[in-house]
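Number of protein chains: 2
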Amino acid sequence: MIKNTKFCSNASLGTMDQTNNQIASEVLRLNYNENALGMPLSAQQAITDHLQSAFRYPDEYRVRLIAKLAALHGLTVDQISMGNGSSENIQSVIQMLNTRALDQGVAFQVIIPIPTFHFAELYADLLDIDVVKIPLIEEDFSIDIEAMQQAAESFDGISLMYLVNPNNPTSTLINTADLKQWIGNAPETHYFLLDEAYADYVRDPSFVSGIEFIKQKLSKNVIVTRTFSKLYAMAGLRVGYAISDASTIKDIESFTSQDNTNIAGAVAAVAALEDTEFRDFALKSNNESRLIVEQALDELGLRYLDSQACFILHEISTEVPLYEQRMAEHNIFVGREFLPIRGYNRVSLGTPEQMQRFVEVLKQFRSKNWI
Amino acid sequence: MIKNTKFCSNASLGTMDQTNNQIASEVLRLNYNENALGMPLSAQQAITDHLQSAFRYPDEYRVRLIAKLAALHGLTVDQISMGNGSSENIQSVIQMLNTRALDQGVAFQVIIPIPTFHFAELYADLLDIDVVKIPLIEEDFSIDIEAMQQAAESFDGISLMYLVNPNNPTSTLINTADLKQWIGNAPETHYFLLDEAYADYVRDPSFVSGIEFIKQKLSKNVIVTRTFSKLYAMAGLRVGYAISDASTIKDIESFTSQDNTNIAGAVAAVAALEDTEFRDFALKSNNESRLIVEQALDELGLRYLDSQACFILHEISTEVPLYEQRMAEHNIFVGREFLPIRGYNRVSLGTPEQMQRFVEVLKQFRSKNWI
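Order-wise, the sequence lines are chains Y and D.
Going left to right, the first sequence walks through residues 1170 to 1540 as the numbering used here numbers them.
Going left to right, the second sequence walks through residues 1170 to 1540 as the numbering used here numbers them.
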């Protein structure tokens, strides 16, 4: 097991016995796909170093972060729109297209697979925008591209496809070739919001980020969102961004709040981007955690999807809400059932130590016929 | 002169000579009305204490801050909408009313005095909303309530009055009785966004916050915004909020991003609210700085407005852009000319030491006939 002696501010240190004792009494929050390693110490230090500047507006640090992101992705700075978490970017895209539709006197709909991350639906609902929900294909929980495409083509107006890739809660990928073909052949009224919150975790070499589609000028209607909330372990600091064609970014920015990156988030993000050692460690740790859970699920004969992210959607052979409740009684908060998929639960991958405890409890549950 | 030995993380410490030497070489940024004392040490400590929690989403800390604000103002939590700085609240209010007007098939306009803080105009422009600009009354730079009222009454649709109180850049107050009467008698299509970014600094005992109007249920169309960017010295952390009737807040929230208060901002804001000693000191310091500047302006025979905030709009008897440039050459960044007011400049009140240096340079300028 990888021991976390350098990076991990949050997980326990010390000898294995102490670790296990501490972990056993600790409440495990494996329900929001946060990176349980805690924020990189380099990022924490960057914040501490800038507390004396926090009385100033954050513009200078925001500009530096944008420049860094542009360099990282090989983009120009006008192709990036910062968000207060990528959730603000999702909101801005929806608001922008809604207003565009109102201006043009056409209808607007958001098409989402279900289950998926709920914020696009949430923001659309708040504005009374129609949300078309296309269930995942039952056999393999993959996104039903054909049905989504059809829902857009049979609609007279603007359609926004919201695609989380890898998807949450399934942690699986959309086939790159299929996605590229879909986007490349779509009419001008079809937009694609590719939420790549978990892209940093992808192991599958066939994955191509939507950022590449944008760089290849495949379509001006592709918007990719990224976040520092997951691999970079900064969910509390609210830093995300959108990438698109510069003209699309300009339109999105009309719906995005000014100065929306706080100084703590901006300096921490820059430090985290430079801290490749942390990221390598976080990926290794996540992988180890994944293997611990997969091995236990194999032993228990419970099915699970191929995880390309920091969580695993896996079978629970009893009622999921009851399972959730029992896990909570054991101080472990797991994800919920994501309808319409029944009989499956999502567990976030914490540290390897945390996942050891999780699988021990899982095995206890089996001995009681609770799963 | 008040010496800042306890609170002031940013301004210089040490003996007077050291202080003056340091200040003399320092770039003075007196252009954005930030609180040059720097963030309270209590707030800095709160951030440091929570860095290990920053990998989690900030909801818990956001909820605590909202509860604290509700208690402080004697409001219920559903009367408060957090913003990423109050600028996001301004944006949400404009978007909400714009969409309401579109839904009702009526027109929408924003009415602002000029000069004033430019974000309402900025956000309206981004959405192609008409902005009606009513110049301040020339004699005393007060807001022309009658002309604004008339602009609203002669308009068939929804009007939003954006009123910064005390106003920026004039730092003067709207007469409370007049404002109350205006709001109390306004029809349902007239809305009032009272931006009270500087309300914490007001010395005039006749001032009544719009929060009182809301508590007295004067109108559901009053929205007050407040910020931690000024007195609380947290501009970099982006924490602001809107207060209104609960039903109005619910409508505004549809246009506000989720989780928009970062954990650093939330814990710092709670600490700053509890740090009454810092705030007392900051007000005393601001007052001392104000007197230093006023005394110098009196000596130089330059007019200035009665400051109820952390800046002073004052006369410059030469071309203001040239004055600005010369100040910059002396490492002092002052505010700009705010048209249509000509021949006046806005200077933010830094620490008393900083303002001593500012007035010294001002006097040098006079000796060169530069002002």
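There may be inaccurate statements among the hints.
What the hints assert, rightly or not - Chain D regions said to be covered by chain Y (calculated; three or more residues, Cβ under 8 Å):
#1 1211-1217
#2 1248-1260
#3 1288-1302
#4 1348-1360
#5 1364-1376
#6 1449-1455
#7 1467-1477
It should be emphasised that the hints constitute simulated quantities derived from the structure, not laboratory data.
Treat the numbers as computed from the prediction; the structure is a model and nothing was measured.
Ideal Cβ positions, reconstructed from N, Cα and C, are used throughout, including at glycine.
Against the structure, the hints come out as follows:
With a threshold of 8 Å between beta carbons, the proposed coverage of the stretch 1211-1217 of chain D by chain Y holds, since 3 of its residues qualify and at least three are required. Closer than 8 Å: that is the beta-carbon criterion, and the stretch 1248-1260 of chain D has 6 residues meeting it against chain Y, so the requirement of 3 holds. By the rule of at least three residues with a Cβ nearer than 8 Å to a Cβ of chain Y, the coverage given for the stretch 1288-1302 of chain D holds, with 4 such residues. By the rule of at least three residues with a Cβ nearer than 8 Å to a Cβ of chain Y, the coverage given for the stretch 1348-1360 of chain D is violated, with 0 such residues.
For the stretch 1364-1376 of chain D, the stated coverage by chain Y is violated: 0 residues have a C-beta nearer than 8 Å to a C-beta of that chain, whereas at least 3 were required. Only residues whose C-beta sits within less than 8 Å of a C-beta in chain Y count toward coverage, and the stretch 1449-1455 of chain D has 0 of them, not enough to reach three; the restraint is violated. With a threshold of 8 Å between beta carbons, the proposed coverage of the stretch 1467-1477 of chain D by chain Y is violated, since 0 of its residues qualify and at least three are required.
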